[in-house]
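Chains as they are written, first to last, in the numbering used here: chain C, 526 to 834; chain V, 739 to 1097; chain B, 1204 to 1858; chain H, -14 to 267.
One thing to keep in mind: the hints can contain errors.
Listed below are the simulated DMTMM-like cross-link pairs for lysine to aspartate or glutamate, each with C-alpha atoms no more than 20 angstroms apart in a straight line [said to hold, decoys possible]:
1. 555/C / 656/C
2. 1668/B / 1724/B
3. 891/V / 794/C
4. 159/H / 915/V
5. 1674/B / 1565/B
6. 868/V / 828/C
7. 159/H / 754/V
8. 936/V / 198/H
9. 748/V / 143/H
10. 1830/B / 146/H
11. 748/V / 150/H
12. 1506/B / 1088/V
13. 159/H / 763/V
14. 1089/V / 1565/B
15. 1844/B / 1826/B
16. 1785/B / 1814/B
17. 101/H / 656/C
18. 748/V / 67/H
19. 587/C / 531/C
20. 1089/V / 1499/B
21. 101/H / 1075/V
22. 1089/V / 1826/B
23. 101/H / 954/V
24. 1087/V / 1814/B
25. 242/H / 38/H
26. 868/V / 625/C
27. 1634/B / 1662/B
28. 615/C / 754/V
29. 1505/B / 954/V
30. 748/V / 146/H
31. 159/H / 1002/V
Source of the hints: derived by calculation from the structure; they are not laboratory data.
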Amino acid sequence: MGFFLETLIGGLMTGMLYSLVALGFVLIFKASGVFNFAQGAMVLFAALAMARFSEWGHELLKIDSKVLANLLAFVGAMLLMIAVAWLIEKLVLGRLVNQEGITLLMATLGITYFMDGFGQTLFGSDIYKIDIGLPKDPMFLLESVFQGGVLVNKEDLYAAAIAAALVIVLTLFFQYTGTGRALRAVADDHQAAQSIGIPLNRIWVIVWSVAGFTALVAGIIWGSKLGVQFSLSLVALKALPVVILGGLTSVPGAIIGGLIIGVGEKLSEVYIGSQIGGGIEIWFGYVLVLFVLLVRPQGLFGEKIIDRV
Amino acid sequence: MLYRENGQFKTTYTTDQQVFPILQDRVGIGLLLAFAVVGVPLLVQDDYLFRAILIPFLILSLAALGLNILVGYCGQISLGTGAFMAVGAYGAYNLFVRIEGVPLIVALLAGGFFAMIAGVLFGIPSLRIKGLYLAVATLAAQFFWDWAFLRIKWFTNNSSSGSVSVSDLAFFGLPIETPVQKYLFCLGVLIVFGIGAKNLVRSHIGREWMAIRDMDVAASVIGIRPVYAKLTAFAVSSFIVGVAGAMWGFVHLGSWEPAAFSIDRSFQLLFMIIIGGLGSIMGSFFGAFFIVALPIFLNQFLPWAGSLVGMTISTAAVAHAEFMIFGALIVFFLIVEPHGLARLWSIGKEKMRLWPFPH
Amino acid sequence: MQTTFPRLMLEHAAKRPGAAALREKVFGIWQTTTWAGLAAEVRAIACGLAAAGLKRDDHVVVVGENRPRLYASMLAVQALGAVPVPLYQDAVATEYVFPMHNAEVHMAIVEDQEQVDKMLEVRGLLADKGEPSARLDRIWYDDARGLRNYGEPGLASLDALIEAGRAWDAAHPGAYDREVAAARPGDVAAMFFTSGTTGNPKGVVHTHATLLDRAGAGARFDRLTEHEEVLAYLPPAWIGQNIFSYAQWLACGYVVNCPESASTVMIDLKEIGPTYYFAPPRVFEGLLTSVTIRMEDAGRVKKWLYDRFMGVARRVGPTIMDGKAVGLGDKVAYALGNLFVYGPLRNTLGLNRVRVAYTAGEAIGPDLFTFYRSIGINLKQLYGSTETAVFVCLQPDHEVKADTVGVPIEGVEIRVADNGEILVKSAGLLKEYYKNPAATAEVLTADGWYHTGDAGFLDAQGHLKIIDRAKDVGRLMGGPHDGAMFAPKYVENKLKFFPFIKEAVAFGDRREKVCAFVNIDFEAVGNWAERRNLPYAGYTDLAGKPEVLELVKDCVEKVNADLAADAMLAGSQISRFLVLHKELDADDGELTRTRKVRRGYIGDKYQVLVDALYGGRSEQFIETAVKFEDGRTGKVAATLKIVDARVLPGLKRAA
Amino acid sequence: MNTVAEPITAPAAEAAAGARRRRQGDVILEVKNISLRFGGVKALTDISFNVREHEVRAIIGPNGAGKSSMLNCINGVYTPQEGSITFRGKSFSHMNSRQVAEMGVARTFQNLALFKGMSVLDNIMSGRNLKMRTNVFQQVVRNPWFGAAEKEEVEHREFVERIIDFLEIQAYRKTPVGRLPYGLQKRVDLGRALAMEPQVLLLDEPMAGMNVEEKQDMSRFILDVNDEYGTTIVLIEHDMGVVMDISDRVVVLDYGKKIGDGTPAEVRANPEVISAYLGTSH
């Protein structure tokens, strides 16, 4: 039982992180109809920037305070992501307006490759670590309830907390700020939004920046967990089924989807994987989604599609 | 410019709807094939050229061809091509090692057959799922098979880490060992499949695929069954892809492991058909050649260019540059010529026919 | 050639039964009719007509585009010793009434619903005349589209006719063959109505002998073989088309190809790539205009190449075409040009395989003419008319000039009368004008000379040069050039040689100076305007634009300069002109069906404008009724500016 | 000489009309109490009408009156919640497009639904798919010398060429449909439907967005189809003008309800119809 809880909680933790990445997807898709395959690349890129900036902060600028260095690095990375967002809008999306979704998907694939290459040229391709001082030591909960209690990794706890906080912040941002409302307007109907004078291009830059921000945060958390390396960009692949499961356009969908898959993954790995050779979490999410889609082609929270002729 | 079409009038539908209705084209393609079959083996002495460029080009052309039928003609986006190649490769492998004296060609076709079954299975969702959702759904295949060949020992004849190997290949008694032999074998297979594919896309099954791609509601109203159209597309596509996968393993690599068919392979093939041209047989070849040749070109060119400006460029740097250039090219093509090299080719051809007129 | 058309057809069928006689692009491919197939079809149709009661020397009207079965029908009619009368398919019903009444036509074979509707209308109009001699009892149509529910008496499809024919043939074995054998070369073979510039059209009667004599002569002159390919796309009622795709077709046994539809002629031309080609200048003009226009939008490289090599072509092309030697450098340059420009150009125009191409009907502009020769198309001019079964003078290969129409060919004698009129004698002259002895006497002298009505002369090399219609050659009266010769056609042609000018009408006979109406070429000028982004709202508006008037003025003054150089014609310089507000149109009777301007008619119709021109007014309001394609009528009104053009002193006076 | 066909010549029109009246058969298509809802939205409410063999039947009504939805129900794109459709005595309420197509019901679309990646020829050829029998294997080895595939292609090409000729689009045979002007695309759309040799032809606003000349052509084609092949025609239009001239009977819809049914004359006289049309601006 305790073991079960552990896996469950572990699942929730990773799930929360998936949701974080998935959130990036959803924001961009809502606002610009782009299925942003590059989200993973952005995570890696942001993390690399973060890691290297803080390093350089130490070495070049001789900043001793880790906090300060990280802070500067964070700001730097954030600025970089905004620049990236701006460039993407200018060079790619701006020129692919009202193309089909598939075309845009391909474009973001291109962006992925570019950013992977570019990021590693810029920041090098070794493994770097991000240390924002998250406690590494484990802690035991509910020891009173079962013997041995439930082992939880503090780091995960913090991470999940940050993620949750971020999700809440974004939700508020969308609900209560002018930009947020504009974004939702754009999401609902591009033409209409434009006609009432919402500048699409600016909106897109903002959205991509926000996505960049989530990518950065995700990058930092994962980075500090597993170290910053190329494989980090694969986290996007983990988040894909989450997005689809949630239904592409729904923020809550992304979060719940994340949790479901996070948990499902862990549990299945433990209880099924062990039987059939293990390592099944790479595909569990996808296969799960596959079956969900067969029942609900538009995902759990997506809008229904009606064919008009 | 070289076209002289006066007097090339058609008195039967058969001649009118042949693949190359214009005499000059028929001559051209004839010469090209002759060169590929006779010229190349005679002229090219350097094995490296065969191993590094020509053979991969031929096999990946085949794979791209298969993928193009699904994505380009039927409009069903797939990110799981690598997996179907893998199924082809391991399927063929199992037949080859488990049954004594199975001829190579049979093994390859069997590989295609297994891939076809896998393809149809994973194609079934396409009946309900559209566009982006489907794109992601196909990734399920990719990851599932990656995993399967890594973890399920039976597939790999209980070899560790899923790496397997085959040897002494032959085609009706003719050995397929030297690069030239391999090249000719691949060329032969490619030509056969190329013709077959062309025949399909210009016949009514092809029209049904394109109808579904262009306007699925209208298609069903004129009596086309989406189920049939999509599943045949998946079947044909993954059959070809499977054969290509088997050839990649058997002929090109000789010994391989699941990594050879990772998701990167899927993307690579996708890029081939985007750059080459969606919905064009010719395009598949263009794309394949481009993507096979580019890295090799860069590997030669970048260091050389670097040395000009007096800086040494590491292989890692070249690799990264490759990534960047690929990415940039994809975006470039999507923006400038969404129909890829094939469209440029056909435009050029039109211009030649209208020369000296612009339109 | 002592035979008849049906017999020739049968000979070909016997000699080369499997060879192609006719091709028509139907349903997307070129469907072939072999000589044997043709023979069978003709037999069936003939028998059908016989069954329907067609007698020797009866007339049968044939109306439609070039369609194999209409050709077969003409042969069938001739096989019975009756006379096919092809009429222009684009004429309106009322225009058919006179010919059909005049020729006492009882039967018509037409192409499709459009023609049937007209024939039914004609039937009504003829009935009104209430004469039994002209009752249109039987109408057959080739294409049944839309005719399913027509209940009119005597209306049936060709298929029905053929069916009836087969039955009749079975019932009367050998009858057909007897009829064919009975025909004599001297029998009437066909009748062509010349849309005379004034008065009623005249039925030109030709016998098998006359037509075949000329057809043969022409064929021998250019060594035509049975391997020629010809595209028949001009009205079969026009002797030009008829001689090339009927008389010579049967004389030589080559293949005649019929286009798929009016809208696809250019495509079909490109596919077939005829080896023997005939078209009036306006067609070549249209082609060249489209070439220049299309080249306008070409990229820099192409333009450069084009201009470069066209330069070469202009310099050496004609010389090479005339078979004279040129320097090695030029040879190479021309060869390159042939690869990069001329060849492709000929190919896209569909004239790449042309061995012999002729133009006739009107004078052709020197630039236009040399353009085609310079890019390696053996374009030549010929002189002839309906009455002479076309072939009178032809230009031999290698001796071609823009301003002459060639030498008298085999079997032709030519004499120039004192008034400068050309007289012709040959075995190909018309038998008579049908039921019009007066007119016949006018043109055909007792000793067998035919008065062409054209003014001209034979030059030093024995080439014939035509100036104008003899009757149109007038004299100026009063003014500086009193009594000087005025050849309106000559002037008009010089104007029409400019791409911007479609038609021109010059006045001046018995007046002190020359004035002219001008019709702009909508396509060319329209393009010109767009390139200057000069907005315009349709033809009338464009024609009224001051910029356009300027443009035309330049042309006119160029012509004047040209005329001034010629002592005889210096007086014919145009001193005032105006640009008409509507296109001159055959439907409004301003042009003949062969698109010759009817100067007299126009002069009367636009009297006000003529007066304005000579009355020295600076502008004039005019309103004209016009007919649209669908037969509706409307009005076009405009106030036309009248422009004064600079006139140079003639050389004679300068000297 | 121009590509645009002349307007319907008087004798032709009368003849055709006469013939139709003569041929008018019994009811071929019967729509009974059809109701269609999207979620809460009522697209159609209790619609009933019938179509007689060989007649030209029009469904008119202001924009958003539910005309297109009606067609979509008939050819199985939408499934109505209530009511049934009887075709040649066979009654059905749930039916997929394929089955409807097999029964011989063809259809054109309001906003062009052509296959823009294909040539005119291929678009119309695709209308023959129901009639094509060769399997994938026969098609793979398609060649001029042996096998069924090429033979079949040729047979159907012959049929399709007749349609191309009928619609006077010979000059555009091999052009990608996308490049054609709107009016011609409409013809191709009609051609594709005709390729199915339908017994009933549903036309969804065949003249929408056409100029007078194009409308005349289209009306002529529609009449010719009805006349040459005896095809029963159900057509939708939102502007009364043309329809009244060419149709035998008219159904009028407004806000998903049937407000009139009868000959053009009757319908014109119907006060409800008049108000519905005055109510909406055109």
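The hints, checked one at a time:
1. Among the hinted pairs, residue 555/C with residue 656/C is inconsistent with the structure: their alpha-carbon atoms are about 33 angstroms apart, more than 20 angstroms.
2. About 28 angstroms separates the Cα atoms of residue 1668/B and residue 1724/B, which puts this hinted pair outside 20 angstroms; it is violated.
3. At most 20 angstroms may separate the alpha-carbon atoms for a hinted pair to count; residue 891/V and residue 794/C meet this at roughly 18 angstroms.
4. Distance restraint check for residue 159/H and residue 915/V: the Cα-Cα separation of roughly 46 angstroms exceeds the 20 angstroms cut-off, and the hinted pair is therefore not satisfied.
5. Restraint check: the Cα-Cα separation between residue 1674/B and residue 1565/B comes to about 16 angstroms, which is no more than 20 angstroms; the hinted pair holds.
6. For a cut-off of 20 angstroms, the pair hint linking residue 868/V to residue 828/C stands: about 14 angstroms separates their Cα positions.
7. Between residue 159/H and residue 754/V, the direct Cα distance comes to roughly 11 angstroms. Compliance with the 20 angstroms bound is thereby established for this hinted pair.
8. Taking the CA atoms of residue 936/V and residue 198/H, the gap is near 41 angstroms; set against the 20 angstroms cutoff, the hint is violated.
9. For the hint linking residue 748/V to residue 143/H, the alpha-carbon distance of about 14 angstroms falls within 20 angstroms, and the restraint holds.
10. Between residue 1830/B and residue 146/H the alpha-carbon distance is near 34 angstroms, which puts this suggested pair outside the 20 angstroms criterion.
11. Restraint check: the Cα-Cα separation between residue 748/V and residue 150/H comes to about 17 angstroms, which is no more than 20 angstroms; the hinted pair holds.
12. For the hint linking residue 1506/B to residue 1088/V, the alpha-carbon distance of about 18 angstroms falls within 20 angstroms, and the restraint holds.
13. Between residue 159/H and residue 763/V the alpha-carbon distance is near 18 angstroms, which keeps this suggested pair within the 20 angstroms criterion.
14. At most 20 angstroms may separate the alpha-carbon atoms for a hinted pair to count; residue 1089/V and residue 1565/B exceed this at roughly 36 angstroms.
15. Between residue 1844/B and residue 1826/B the CA atoms are separated by roughly 14 angstroms; this keeps the pair inside 20 angstroms, and the hint holds.
16. Distance hint between residue 1785/B and residue 1814/B is fulfilled; the C-alpha atoms sit about 18 angstroms from each other, no more than 20 angstroms.
17. A distance of roughly 55 angstroms separates the Cα atoms of residue 101/H and residue 656/C; the hinted pair therefore is violated under the 20 angstroms criterion.
18. Only pairs whose Cα atoms come within 20 angstroms are accepted, and residue 748/V paired with residue 67/H is rejected, the gap being roughly 55 angstroms.
19. Of the supplied pair hints, the one linking residue 587/C and residue 531/C is violated, its CA atoms being roughly 42 angstroms apart against a limit of 20 angstroms.
20. With a CA separation close to 16 angstroms, the supplied pair residue 1089/V and residue 1499/B stays within the 20 angstroms bound.
21. Distance restraint check for residue 101/H and residue 1075/V: the Cα-Cα separation of roughly 17 angstroms lies within the 20 angstroms cut-off, and the hinted pair is therefore satisfied.
22. Pair hint residue 1089/V plus residue 1826/B does not hold up; C-alpha atoms about 47 angstroms apart against a cutoff of 20 angstroms.
23. At most 20 angstroms may separate the alpha-carbon atoms for a hinted pair to count; residue 101/H and residue 954/V meet this at roughly 12 angstroms.
24. Straight-line distance between C-alpha atoms of residue 1087/V and residue 1814/B comes to about 58 angstroms, which puts the hinted pair past the 20 angstroms bound.
25. Between the alpha carbons of residue 242/H and residue 38/H the distance comes to roughly 24 angstroms, so the proposed pair goes past 20 angstroms and is violated.
26. Annotation: proposed proximity of residue 868/V to residue 625/C holds, straight-line Cα distance about 12 angstroms (limit 20 angstroms).
27. For the hint pairing residue 1634/B with residue 1662/B, the CA-to-CA distance comes to about 30 angstroms; that exceeds 20 angstroms, so the pair is violated.
28. For the proposed pair residue 615/C and residue 754/V, the alpha carbon gap of about 47 angstroms is over 20 angstroms, so the pair is violated.
29. Taking the CA atoms of residue 1505/B and residue 954/V, the gap is near 43 angstroms; set against the 20 angstroms cutoff, the hint is violated.
30. For a cut-off of 20 angstroms, the pair hint linking residue 748/V to residue 146/H stands: about 14 angstroms separates their Cα positions.
31. Between residue 159/H and residue 1002/V the CA atoms are separated by roughly 39 angstroms; this puts the pair beyond 20 angstroms, and the hint is violated.
Hint check: violations occur at hints 1, 2, 4, 8, 10, 14, 17, 18, 19, 22, 24, 25, 27, 28, 29 and 31; the rest are consistent with the structure.
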